[in-house]
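Fit chain U to the known structure of chain R by using the hints.
There are 2 protein chains.
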Amino acid sequence: MPKVTFLPSKKEITFEEQENLLKAAMDAGVHINASCGGAGVCNKCRIFIEEGQVKGEQLPDGGWKACTTVPLTDVVVRVPVESEMDRKALARPLAAKAVSWIKVHAESLEIRSNPVITKELIILPEPSIHDNISDLGRIRREVGQAFHLDVDSQVLYRLPHALREGNWQVTASLMETARDDHKRLIRVQSGDKTGANCAVCVDIGTTTVSAQLVDLKTQEVFFESSNYNPQVSFGEDVISRMEFSRKVDGLDILKEKIVECLNQLIDELVKGSEVSRQDISLVSIAANTVMTHFLLGLETKFLRAQPYIPVANQFPPVRASEIGLALPNHVRIFLAPCVASYVGGDIVAGVVGVGLNHHPELTLFIDIGTNGEIVLGNRDWMACAACSAGPAFEGGGIKFGMRATVGAVEVVHIHPVSFEPMALTIGGRKAKGICGSGIISLLAGLFMTGVLDRQGKYRHDLDTPRVRPGDDGWEYVVVEKEATSIGQDIVFTEADVENLIRAKGAMFAGYLTLLESVGMAIEDLERVILAGNFGSYLDLDQAIIIGLLPDIPRDRFFFAGNSSLTGARTAAISWPKFQEMKQVAQMMTHFDLSDNPRFMDNYVSCLFLPHTDLSLFPTVKEALSS
Amino acid sequence: MPKVTFLPSKKEITFEEQENLLKAAMDAGVHINASCGGAGVCNKCRIFIEEGQVKGEQLPDGGWKACTTVPLTDVVVRVPVESEMDRKALARPLAAKAVSWIKVHAESLEIRSNPVITKELIILPEPSIHDNISDLGRIRREVGQAFHLDVDSQVLYRLPHALREGNWQVTASLMETARDDHKRLIRVQSGDKTGANCAVCVDIGTTTVSAQLVDLKTQEVFFESSNYNPQVSFGEDVISRMEFSRKVDGLDILKEKIVECLNQLIDELVKGSEVSRQDISLVSIAANTVMTHFLLGLETKFLRAQPYIPVANQFPPVRASEIGLALPNHVRIFLAPCVASYVGGDIVAGVVGVGLNHHPELTLFIDIGTNGEIVLGNRDWMACAACSAGPAFEGGGIKFGMRATVGAVEVVHIHPVSFEPMALTIGGRKAKGICGSGIISLLAGLFMTGVLDRQGKYRHDLDTPRVRPGDDGWEYVVVEKEATSIGQDIVFTEADVENLIRAKGAMFAGYLTLLESVGMAIEDLERVILAGNFGSYLDLDQAIIIGLLPDIPRDRFFFAGNSSLTGARTAAISWPKFQEMKQVAQMMTHFDLSDNPRFMDNYVSCLFLPHTDLSLFPTVKEALSS
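The listed protein sequences correspond, in order, to chains R and U. Oh and the first sequence: position 521 is 521 in my numbering, straight run, nothing missing. Oh and the second sequence: position 458 is 458 in my numbering, straight run, nothing missing.
This is chain R alone, in the form it adopts within the complex (with noise of 0.2 Å):
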């Protein structure tokens, strides 16, 4: 693995795995101008390559473009300083990290497979002329001593060829009930397929869908496949799905598009993982309360409108087949059961998915999109609100905002002194719009240059071609147009900021808000759960700058993924984890901050940068007054 060290900083790195030398130098915290994102057009991140091999390309006026230079060993690095204060300026710390929750509690994270639906080896005596009960009455004879036991009536329609296909040895699939010592007998198969039990988990999000075909017994993720949710050609948000569900057919058309999704991705699981559809037992499911009551068609008109009634919180297990899903008729739907209104079964799913309801510490749980669900609490207690933070931090409601695919920019770090950014786009290429990390990384870069004040206002005298006067306002030119796919100059306007300060205002408002009515404050925040897209890429520095996290110790962060599907993947793996999503759900107490005083209070006090009360981000006011 080779070390990379940078001159004049000295900074060094080293990578796991081969890595250009704009990238290098942004982890390293080494700012070198590149404004095309690293797609190698802008000719800009020029460095001088002192000591080793590198592989790459040259510039014709001297050095290498750093964007385009992969190390081959070790190596030392110049990169052109224009002064002194410029050096000076540009020996920030390393970015601070939150660390995977899942891998550092992979152990007790660890479950025992005991799924909803099991399958059990049953073999039976033939019958004779002395031992000539029914079928279903052998079936019973064998498997009903323990605990009572119901039938599907479609079980008795291939009963009597299964068990004389298998001579007389039968795979059972039962489904546990809300009772101990009740089961439910879904279907009989000849001969042994106890090795084939498998079920489809499902996130579905307002925006994105997620899907995983995972071995029951094995729990082995045989292959996992997401898309869009269709549903947002009829609304980008949940609001305006459910004003258009209003219309004729409208339910009707926003629960036939995400059917027609999941069976997509269900053909897409199949095919990928070489598993039958036969081998599938059932689908779990987490998602907020909006998007499940459009899957099952339910009413969402009283969802809508105060005092935001659900139809339900907790959903019968629904027959795959009874909503249109491309699957056998035994296949059972298990759905995550949800809170209120705006915190749903994904919020519970991804609670139980972290295990946050087996810890002592005080944890805060985000999932920072469009509804900003928070969960406050440990294994003892929860509070839960949603705090409408729009979708500004998903790129939506943003000029060039778009979601974190190729071509967005992810990571922006701007000079401190010629304001020109270093910009990084995921793969690579030619920059197309910025995704939600991208925007708080330019959000807080331009904020602790002085580009942005602290009202989210650019500055309009300052010795740089990059703010000016546009269309919308004062903007930032992130990407001139010669170095984007799109054509156009890449710009990060005003009303962006105020969109996002407005965002990050409603995150922050909520967490205090929370915190003020269990009577705690920031400071004893043990942990922070970013459940989500916010991954290990999120500079936790400036999140925090923003004002979008609470700032303490960065030890205190963990981003946990997608936690809905990871719950929805352990509630399939593990009855009791279901059971106990069930109890997460009526143990967490609902505040409902739409008409709460106290949450508009905070929320005014919000809409600055990082927040009107510098007092409450100390690392952030000790950063500008240096």
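The set of hints was computed from the structure by calculation and includes no laboratory data. Mixed in with the good hints there might be a few duds.
Same chains, same names: a pair is fine if it fits in one copy or spans any two.
To be verified - Within a straight-line C-alpha distance of at most 35 Å, the following computed DSBU-like cross-link-like pairs (lysine-lysine) qualify:
| id | residue 1 | residue 2 |
| --- | --- | --- |
| 1 | K301 | K193 |
| 2 | K247 | K193 |
| 3 | K97 | K582 |
| 4 | K399 | K23 |
| 5 | K44 | K621 |
| 6 | K44 | K55 |
| 7 | K399 | K44 |
Quick caveat, the model's predicted, so the values are computed rather than measured.
What follows is chain U alone, placed relative to chain R:
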């Protein structure tokens, strides 16, 4: 009510209703020659009115036609008598009849309404921002305290509308489960609908399907209807239908046919009672094992052949819509449990319908039909068997046999000297054929007058044109072609007699074998209950004479009518009674007579009139010797 006195025998009879004098004579035990069945065409039934007023038809050469003449006042009627011997022979006793079990035990058969699906009125507090649990949670809070509540997912679709349309006053339909502390919410309607909770109760017989619509609260039977089982086109008996079911689509066709038939009956019930389909909560069905299999579309291949294995004997509740009944989605079908391949839910329902399982007396419960099911026992134990009697007593396999409908000869008396018949038809119409009771009465009469010998062969030396060789061997002419509606002589052949002897032999051998199996004898029988069509009009003496019923005191006989339908209704009204059916099905010891050597021996001994061993029939022995 007019009193009729017949001379010269001085027999008297008083009627409840207006009745013609031919029927009056039959009921009074007076023979009047009459071969047209009472249709007024043969002009043989001449009588003279000595006192009183009548209305009717006078014959040109004096006297009146008994079959069309009704008394207006008390009358004295003289029947022309040809000889003293004749006079003596006619002095036969009044026919002994079974009495109605249901009437005699009306009090103990009263049940409390406690159906498996109840409707409860629920008045809910309106939601507010301080009480904003989900719609389902609100219902659960109100009704789910005393028991665990499962919920049909379909309930959720209409739930928010039902609650609000009913202004938070709703009717919940709750279904019992196998557990006392566990119910299932299957429907929520707006407002108070507790007054509308009905059941369709059905007996699916191999030949006839009978249905009733009953109010589950008041127990009132609103309407009833019946029809042929349309599967008859694919086989008269269960064996031939099971054979048909093995053809391509055979099983589907049989299922479709019975479902069509049920839908038509439900149509008639709904129209006839002016009850809405929406007010129906459940369908309670009693049927034999094969009919139950066909209704659910279950394989009968293994039921057909040794060791005779049904797919199931106890069936889970099925949605009415699942099998294609045109009833709302929440409606459930409950099927009476079966015991074995040929002892089905109709018998179990019958046993519970008559309450046999509550009486200490040793009782024989018989359904004289194709399968000839027998139950022997009392509240402590029960043994059962099917003796495959065949359909002879339902008119099947008898040359002019027919069902008991208008035009069927239902009773015949044979003149002991002239061998002339006195035949009455149902409805007093021209004869079309002979039904079950007519067949018994004919066989008994021909045997007791010596026209048939103990082997069931006609004597060839009698001075009557009625006994003659025919196309199928020797025969007796019951109705001459001029007096029929079918344009040919209605005859009773030796082949018919042979079939009947085999049928009654199978029944009697069945009783005897069951009794022997438990170490008991005929005379131990304290009660005999006749289920099915043989009711009040069966002449017990005649049925005993031919060896169909055991020769015990006549006051031990009861008829129960369609006890299978009674049982289905009982189970609909009372969930505990449905549970009793399960217990009864489980407590019954089934004897498979088909490979029982004692049964074969007994059967062979029964192939005489009344039996090889006359000591088993003391009253017949006495009558024959006098």
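Each hint, compared with the structure:
no. : hint        : in the structure
1   : K301 / K193 : between (45 Å within a copy, 25 Å between copies)
2   : K247 / K193 : between (46 Å within a copy, 31 Å between copies)
3   : K97 / K582  : within (33 Å within a copy, 66 Å between copies)
4   : K399 / K23  : within (26 Å within a copy, 101 Å between copies)
5   : K44 / K621  : within (33 Å within a copy, 126 Å between copies)
6   : K44 / K55   : within (18 Å within a copy, 126 Å between copies)
7   : K399 / K44  : within (25 Å within a copy, 109 Å between copies)
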